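One point on numbering: in UniProt numbering, the residue at position 253 of the sequence shown is 253, and numbering is uninterrupted.
Each hint should be verified, as a subset may be incorrect.
Stated by the list, open to error - Listed next, with one range per pair, are the computed distances between beta-carbon atoms: (1) A624 / D200: 48 to 56 Å; (2) K568 / F452: 42 to 50 Å; (3) E613 / N637: 29 to 37 Å.
Keep in mind that the hints were calculated from the coordinates and are not lab data. Since the structure is predicted, the reported quantities are computational estimates derived from the model, not experimental observations. C-beta atoms are modelled at their ideal positions from N, C-alpha and C, and glycine is treated no differently.
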Amino acid sequence: EMSLKVTGIDFLKSQNTQQHHTDGYNIKNLVVRRGQPFQVQVSLNRELRPADKLSLRFGIGENPMKNRGSLLSLKPEREDFNGWKISVVKKNGKECLLSVTSSPNAPVGKYNLHVKTDTNIYKPENGAIYLLFNPWCEDDVVYMANEAQKKEYVLNDTGYIYVGSAYSIYDRPWNFGQFEEFILDACMYLLDKSKLSLNDRRDPANVSRAMSALVNANDDNGVVLGNWSGNYINGTSPMDWIGSVTILQNYYKTKKPVRYGQCWVFAGVLNTVMRCLGVPSRCVSTFDAAHDTEENLRVDIYLNERGEKLNSLSFDSVWNFHVWNDVWMKRTDLPNGFDGWQAIDSTPQEQSQGRFQCGPCPVKAVREGDVYLPYDSKFVYAEVNADRVYWVVKKVNGKEKYFKVGTETQAIGKNISTKAVGQNRREDITQEYKYPEGSKEERMSMQRAYSFIHPSGLMPRSGYASTIQTLGGNTQPLVLKEPVTKTGLQLEISNTEALYPGNPLEMAITVKISAPGNWTVDLTGSCQLQYYTGKVKANLGTIKETINLEGTSEMQIPLKIAPDAYMKTLSSVEDEVLILVTAIAEVKETNDKLTKETSMRFEYPPITIQMPEKAKLYNDFTCAFIFKNKLNVILENCKLLVEGLGIFKMTTFEQGDIMPGRIMKSEIICTPTRLGEKKIVAKLISNQIKGISTEKAITIT
Numbered sequence: 001e002m003s004l005k006v007t008g009i010d011f012l013k014s015q016n017t018q019q020h021h022t023d024g025y026n027i028k029n030l031v032v033r034r035g036q037p038f039q040v041q042v043s044l045n046r047e048l049r050p051a052d053k054l055s056l057r058f059g060i061g062e063n064p065m066k067n068r069g070s071l072l073s074l075k076p077e078r079e080d081f082n083g084w085k086i087s088v089v090k091k092n093g094k095e096c097l098l099s100v101t102s103s104p105n106a107p108v109g110k111y112n113l114h115v116k117t118d119t120n121i122y123k124p125e126n127g128a129i130y131l132l133f134n135p136w137c138e139d140d141v142v143y144m145a146n147e148a149q150k151k152e153y154v155l156n157d158t159g160y161i162y163v164g165s166a167y168s169i170y171d172r173p174w175n176f177g178q179f180e181e182f183i184l185d186a187c188m189y190l191l192d193k194s195k196l197s198l199n200d201r202r203d204p205a206n207v208s209r210a211m212s213a214l215v216n217a218n219d220d221n222g223v224v225l226g227n228w229s230g231n232y233i234n235g236t237s238p239m240d241w242i243g244s245v246t247i248l249q250n251y252y253k254t255k256k257p258v259r260y261g262q263c264w265v266f267a268g269v270l271n272t273v274m275r276c277l278g279v280p281s282r283c284v285s286t287f288d289a290a291h292d293t294e295e296n297l298r299v300d301i302y303l304n305e306r307g308e309k310l311n312s313l314s315f316d317s318v319w320n321f322h323v324w325n326d327v328w329m330k331r332t333d334l335p336n337g338f339d340g341w342q343a344i345d346s347t348p349q350e351q352s353q354g355r356f357q358c359g360p361c362p363v364k365a366v367r368e369g370d371v372y373l374p375y376d377s378k379f380v381y382a383e384v385n386a387d388r389v390y391w392v393v394k395k396v397n398g399k400e401k402y403f404k405v406g407t408e409t410q411a412i413g414k415n416i417s418t419k420a421v422g423q424n425r426r427e428d429i430t431q432e433y434k435y436p437e438g439s440k441e442e443r444m445s446m447q448r449a450y451s452f453i454h455p456s457g458l459m460p461r462s463g464y465a466s467t468i469q470t471l472g473g474n475t476q477p478l479v480l481k482e483p484v485t486k487t488g489l490q491l492e493i494s495n496t497e498a499l500y501p502g503n504p505l506e507m508a509i510t511v512k513i514s515a516p517g518n519w520t521v522d523l524t525g526s527c528q529l530q531y532y533t534g535k536v537k538a539n540l541g542t543i544k545e546t547i548n549l550e551g552t553s554e555m556q557i558p559l560k561i562a563p564d565a566y567m568k569t570l571s572s573v574e575d576e577v578l579i580l581v582t583a584i585a586e587v588k589e590t591n592d593k594l595t596k597e598t599s600m601r602f603e604y605p606p607i608t609i610q611m612p613e614k615a616k617l618y619n620d621f622t623c624a625f626i627f628k629n630k631l632n633v634i635l636e637n638c639k640l641l642v643e644g645l646g647i648f649k650m651t652t653f654e655q656g657d658i659m660p661g662r663i664m665k666s667e668i669i670c671t672p673t674r675l676g677e678k679k680i681v682a683k684l685i686s687n688q689i690k691g692i693s694t695e696k697a698i699t700i701t
């Protein structure tokens, strides 16, 4: 009797990947999602008979073994094995069509398929099958019911990351590129590197926590090395990336951390990794995010007598923006009510359980003040809920004394933003993270959080804090409301002209009073350049004025900075800097004090992209990038970075110096290799400007 042998196997890739929403992956192997059937066609040397033994063996890891659960041996029509099952769909002569359904909580990863017949084992080429999380499967914990959301949070390979400041938010286009060549393999490498047990690979909570640790290079040689020093000589400046693809490809090729990243780079790469593995994921930007080192829900800001912020005293800081990720899942490890979005953060800020990792923290736990829940919920809560307290440092009899000049309770965690589903616009999701300021629910949530955090009383927390007396007996920071002043004193800061590099910066501080009477107000204002982390780079100028206001009235005090005061600094820094204006007002008659700060970003002329609206697959078309320097300054060492997923790889054009009024034009010949709507992203960088971005979509038919 001829023994049964397999002569070939067809993974029916195009049919399977369409059904599994994995047809985008640029890889030879079969990629499928767990809990959903896929089919394979087995060719045999003779017809299959009832007495024949045939089994499919799926092995994962270096040395797959049945008793460890890393080797699954599936026989047709037997009941399931570890939740997997396999059946014969049809037999046709020597052909046999099999259907395989993996368990909806199977470990994700790369499985090798061998077919055993009697005593023969057949090993197909490209026999590794990639098994991913499945948001389309109701029994998978990452199940997401809404189709448009899955299209955005799992399948969209482009998007935006929101940066800037609360006063001026702008979108930075970012190519996630989770389907590009080697990206899936890089993610599989990270999974192996994470040393997660097979059992831990079933749960997206464990996987997302491990990925938040591995996307930064700290303590595990992960993907991106963070650098906030301003010196990026032996690497790529964080401002120069326009997507995750180059980063993950380089990392996979060299197995060494890629230099350098800051928060939006970590978030962009982590978003790519989570979407690639099949977990719905989004980038989340918080404006005025507290980086509070002591979990006391307070950030202390120190000013000198000119109203300039001092770097040296601050242990904690407020970042103009911070970007992390939300991933979608049921939390089977927590009490009910905490399913849905979970915050994870791969920017290395603080260690959690001995590693630089953060989350998953249920967004609902942040909103409800349940900050005892894993993971890192106190840290995330403080980032969006701390109070900001201002202190002026004055010399009194040769000793430094601290005077409290204001408390802001609604200043932290503003305009929490992500890209809207299916639309190229910003969606504000602040209400998912916190109740409306001043509402009853907010107060209850805050009281709940405080009961777990036990903040220390209201004391300045600088390195010199031990040498001074406590300022007043106020040790109850609970629900610190905006100080209500006797005079109804208010401050507003705005720019009166567009803030173009090379022009004077024209801003104004408006002082308002609402109480009847004659009031004398001492106003101090300062203008500084600062990094997005809140660190001051340069002092540009200050004003000090005493003004008189009568009854309900207001006065606008101009603050003007000449180009010479800031252009040198602007050209010498590698990072994008923001304009920080701080104002302190004191009413002489009542001793009312108030402090306000606003960060603004520079404005730039646009880049335009010229190309057809539609193109045919594999048919060349021309794409032109045009930029006119409308500024009054020479833009030195200009670089244009462009990338179009499914059209062309990331390309850099060195443009040299662009004189004021000059027009730059660059062209690239494009050959589309994938169907559907594709985006081209462009970014211009020079010594004076750190990133004018734009994008344009084209439909490939």
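Structure-based check of all given hints:
| no. | hint | verdict |
| --- | --- | --- |
| 1 | A624 / D200: 48 to 56 Å | holds (50 Å) |
| 2 | K568 / F452: 42 to 50 Å | holds (48 Å) |
| 3 | E613 / N637: 29 to 37 Å | holds (34 Å) |
Hint compliance for this structure: every hint is met.
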